[in-house]
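> Chains as they are written, first to last, in our numbering: chain W, 1 to 311; chain A, 1 to 306; chain B, 1 to 244.
Take these hints with a grain of salt, some might be off.
In silico contact screen, one side only, chain A against chain W (beta carbon under 10 Å); selected entries [what the hints assert, rightly or not]:
hint, residue
1, Glu8
2, Gln9
3, Leu11
4, Asn35
5, Leu88
6, Leu105
7, Ala112
8, Met113
9, Gly137
10, Pro141
11, Tyr143
12, Ser215
13, Gly219
14, Val230
Read the hints as simulated data drawn from the structure, not as lab findings.
Glycine included, each C-beta is placed from N, C-alpha and C at the ideal position.
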Amino acid sequence: MKTPRLLLWSVSVALLVALPPLVSWLGQPFYIDLVRRIMILAIAAVSLNLILGYGGMVSFGHAAYLGIGAYAVGILGVYGFTNGLLHWAVAIGASALVALAIGAVSIRTSGIYFIMITLAFTQMLYYLGISLELFGGDDGMRLKSKSQFGGLVDLRDPVAFYYLSLVLMLGAVFLVHRIVHSRFGMVLRAAKSNEGRTRAIGFAPYPYRLAAFVIAGAMCGLAGALYANHTNYIVPGLMSWQQSGDIMFMVILGGMASTAGPVLGTFALLFVEEILKGWTEHWQVILGPLLVLSVIFFRRGLAGIFYKPDA
Amino acid sequence: MSWILIFEQLLNGVQLGLTLFLMAAGLTLVLGIMNLVNLAHGSLYMVGAYLTLAASQWTGSYVAGVLLGLAGTLVIGMLVEVVALRALYDRDHLDQVLATFGLILFFNELVAMLWGRASLYAQLPQYLRGHVELFSGSSYPVYRLSVIVVGLLVAVLLWYVVTQTRLGMLIRAGASNRTMVAALGINIRLLSTVVFGFGAVLAGLAGLMAGPIYSVQPGMGELILIQVFVVIVIGGIGSVRGALVGALIVGIVDTLGRAFLKPMLGAMLSPTAGEAAGPALASMLIYLLMAVVLALRPAGLFPARG
Amino acid sequence: MLEVRGLVKNFGALRATDGIDFDVAEGETHAVIGPNGAGKTTFISQLAGNLRPDAGSVRFAGEDVTRLPAPRRARKGLARSFQITSVYPEFSALDNVALAVQANAGHSFRFWRRARGDASLTAPAERVLDEVGLSARKNTLAANLSHGEQRQLEVAMALATEPRLLLLDEPMAGMGTEESQRMIALLSRLKQKKTIILVEHDMDAVFRLADRISVLVYGRVIATGKPEAIRANPEVRAAYLGED
Numbered sequence: 001m002k003t004p005r006l007l008l009w010s011v012s013v014a015l016l017v018a019l020p021p022l023v024s025w026l027g028q029p030f031y032i033d034l035v036r037r038i039m040i041l042a043i044a045a046v047s048l049n050l051i052l053g054y055g056g057m058v059s060f061g062h063a064a065y066l067g068i069g070a071y072a073v074g075i076l077g078v079y080g081f082t083n084g085l086l087h088w089a090v091a092i093g094a095s096a097l098v099a100l101a102i103g104a105v106s107i108r109t110s111g112i113y114f115i116m117i118t119l120a121f122t123q124m125l126y127y128l129g130i131s132l133e134l135f136g137g138d139d140g141m142r143l144k145s146k147s148q149f150g151g152l153v154d155l156r157d158p159v160a161f162y163y164l165s166l167v168l169m170l171g172a173v174f175l176v177h178r179i180v181h182s183r184f185g186m187v188l189r190a191a192k193s194n195e196g197r198t199r200a201i202g203f204a205p206y207p208y209r210l211a212a213f214v215i216a217g218a219m220c221g222l223a224g225a226l227y228a229n230h231t232n233y234i235v236p237g238l239m240s241w242q243q244s245g246d247i248m249f250m251v252i253l254g255g256m257a258s259t260a261g262p263v264l265g266t267f268a269l270l271f272v273e274e275i276l277k278g279w280t281e282h283w284q285v286i287l288g289p290l291l292v293l294s295v296i297f298f299r300r301g302l303a304g305i306f307y308k309p310d311a
Numbered sequence: 001m002s003w004i005l006i007f008e009q010l011l012n013g014v015q016l017g018l019t020l021f022l023m024a025a026g027l028t029l030v031l032g033i034m035n036l037v038n039l040a041h042g043s044l045y046m047v048g049a050y051l052t053l054a055a056s057q058w059t060g061s062y063v064a065g066v067l068l069g070l071a072g073t074l075v076i077g078m079l080v081e082v083v084a085l086r087a088l089y090d091r092d093h094l095d096q097v098l099a100t101f102g103l104i105l106f107f108n109e110l111v112a113m114l115w116g117r118a119s120l121y122a123q124l125p126q127y128l129r130g131h132v133e134l135f136s137g138s139s140y141p142v143y144r145l146s147v148i149v150v151g152l153l154v155a156v157l158l159w160y161v162v163t164q165t166r167l168g169m170l171i172r173a174g175a176s177n178r179t180m181v182a183a184l185g186i187n188i189r190l191l192s193t194v195v196f197g198f199g200a201v202l203a204g205l206a207g208l209m210a211g212p213i214y215s216v217q218p219g220m221g222e223l224i225l226i227q228v229f230v231v232i233v234i235g236g237i238g239s240v241r242g243a244l245v246g247a248l249i250v251g252i253v254d255t256l257g258r259a260f261l262k263p264m265l266g267a268m269l270s271p272t273a274g275e276a277a278g279p280a281l282a283s284m285l286i287y288l289l290m291a292v293v294l295a296l297r298p299a300g301l302f303p304a305r306g
Numbered sequence: 001m002l003e004v005r006g007l008v009k010n011f012g013a014l015r016a017t018d019g020i021d022f023d024v025a026e027g028e029t030h031a032v033i034g035p036n037g038a039g040k041t042t043f044i045s046q047l048a049g050n051l052r053p054d055a056g057s058v059r060f061a062g063e064d065v066t067r068l069p070a071p072r073r074a075r076k077g078l079a080r081s082f083q084i085t086s087v088y089p090e091f092s093a094l095d096n097v098a099l100a101v102q103a104n105a106g107h108s109f110r111f112w113r114r115a116r117g118d119a120s121l122t123a124p125a126e127r128v129l130d131e132v133g134l135s136a137r138k139n140t141l142a143a144n145l146s147h148g149e150q151r152q153l154e155v156a157m158a159l160a161t162e163p164r165l166l167l168l169d170e171p172m173a174g175m176g177t178e179e180s181q182r183m184i185a186l187l188s189r190l191k192q193k194k195t196i197i198l199v200e201h202d203m204d205a206v207f208r209l210a211d212r213i214s215v216l217v218y219g220r221v222i223a224t225g226k227p228e229a230i231r232a233n234p235e236v237r238a239a240y241l242g243e244d
């Protein structure tokens, strides 16, 4: 089944590459912003898929790393540090450290406890964000300066930023793809499939799960840094559990444990949101039941329509 | 820092704790018996507050409002159970979390559509306003005292039902080993529906009582829900006793922390340190507490399952 | 190779393991039999590290492993198959065994190279599958294997970790006659090279394969000895063989 999958990917990437000139020509540059936002959040979804879809760890606190990455960029900007690579390094590094701390405690638990404890820790970070009056507190902060990359790429140029996001999204997808098919990934997936069996052959799942958790957090931190540049405004709400729930939906909707799933899910969810927003300001009253129905009836997710998820 | 102030904050902590207990009791039993994570429990809390507010204004009577609010919450809770939750009992926790998350979005927006996004303030009848002097020098709000009284009454009622009645025995057995209870021929579905209804009413009660203190607004359920989760994690899933102990601990720690951490830090370190770190640390306190409890007792303090 | 002294395990008021002394010599095939509820799986679980005993000690190859968790014991060469089939249903038979090979191959913090294309994992896995007779089904998903084939896979996974001691918990559970014969033939071959603790109900297999037999009743070993001695033992006949 290799050729059809590769074909689907190639076509999709080609479409994404062609989008900016196409919509500019059609006079609808708004779509460049929209799709860029989708691709940035897709990176977050791809990172969550690693631990949720493949690792079976229902982390309800993944949005924390979006917030950490975004605040890293914002706070560095306030103090005059505008170098993009520095932004990324801090966003990724801080997210990895926090993920390590939260993961070290949380991964000792499982099942419902894990869900609740990851939720609680994220909420803790959210309250921390609100209480930081220095950086806007409840209202958030405006981005002082976008990440600068010298002459390489100017994030103030919407199209250049778009292509950068596309490249990074594809990079994230590719990285996760390699990881889940490597020896490390096999252990992670085995632990999800049958933990008792995995222990019996000699693997202690904890270190592998923790490593995956840290990798996922770091990747999501990068998404956060990009997101701050996209929205120019950083709010604690980025770390809220509603945001975590959104990212989870992107993963589930698209189909867990598949490479394309999180990307498909992000596009689907955010497009649906855009359409609903156009109809009514109370779009959530429609989205809510839609999500409920999708969970009840749509077990395999969208990717399941195209092909069987990876075994 | 006077002893009276500490005592009053302690009472506030107990009041918060009992409110949390009302929420936690229903949630932990449904989780323990039916293995169902229900994020929409917070929505029932919110619905209780709004319905009571609306009914009180409509009928002009606080008591009528309370009764209608509770009845309405029960009806809505049952509807939600039949329409959405029944399909989720056999699914894994992830699906339950996501589906009930969808319910939260729905209810928050519905409430905003009907009553707007602004905070509403519930009116109290004359006999519940004002203060009472507990002992010389202390003046404590009548309403908060009545919340404590009602909370304690419910706790006693629950204790009685859970430990002294046959229904309670079935509940405890179901929370401890659901398959066994079902295998013994008990209609576990009916049991869980009854428990769910109970829990919905308790949540509505917590919501309508909280309204006058914390204000009524869309999303109020989620704010308290996370604290309820902390309570359940600390107390242990499936255990009403754990819910009570956990709730009181969380309520008291959180309230005392918010009241005294800033001045304490200010006194020990410096006023600016207190100003900067105090509120942040206070809001993180219960989560740190949860982490510590989990490190020592991974299944909580009083887990129902052995 | 294995030395168990005074092993005790209580589940509340139930004394599932009541002071067991047990030895297995290197190269020996030692069967453990007993009526249902005698505590055989509880015993095996304590040997493998899935359960912590309340008292007593387990020594493996001269080392005290009583406090070691299951993964550590597995890495020391103590492999286990489960009474209720416990494999990876969504992976192929080859993937299943390759994972066991991988567990034995040092740490798995390798993030880049494809595991499925790695001959150092797949070649030994294919050899083990060949040995248990599952070569033809190596690319079949474990969930799609027949019950008997899944039991074979259980044994294969235990084998693939190159263990010094094999703990086989009712490998023939639920098998028909033909499948059982195949499993017995496999175990006869394994006998020559491995030390085996075999928990089984199938008396035919037990008497053909065992060098020594221990009989477990209500958590205690009531007799240990060569098969003929056990067959003749009146206590054993009363407690167990009489019921069979």
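> Look at each hint and say if it fits the structure.
Hint-by-hint comparison with the structure:
no.: 1; hint: Glu8; result: 24 Å, violated
no.: 2; hint: Gln9; result: 20 Å, violated
no.: 3; hint: Leu11; result: 24 Å, violated
no.: 4; hint: Asn35; result: 8 Å, holds
no.: 5; hint: Leu88; result: 7 Å, holds
no.: 6; hint: Leu105; result: 4 Å, holds
no.: 7; hint: Ala112; result: 7 Å, holds
no.: 8; hint: Met113; result: 5 Å, holds
no.: 9; hint: Gly137; result: 33 Å, violated
no.: 10; hint: Pro141; result: 26 Å, violated
no.: 11; hint: Tyr143; result: 27 Å, violated
no.: 12; hint: Ser215; result: 16 Å, violated
no.: 13; hint: Gly219; result: 9 Å, holds
no.: 14; hint: Val230; result: 6 Å, holds
In this structure, the hints that do not hold are numbers 1, 2, 3, 9, 10, 11, 12, in rising order.
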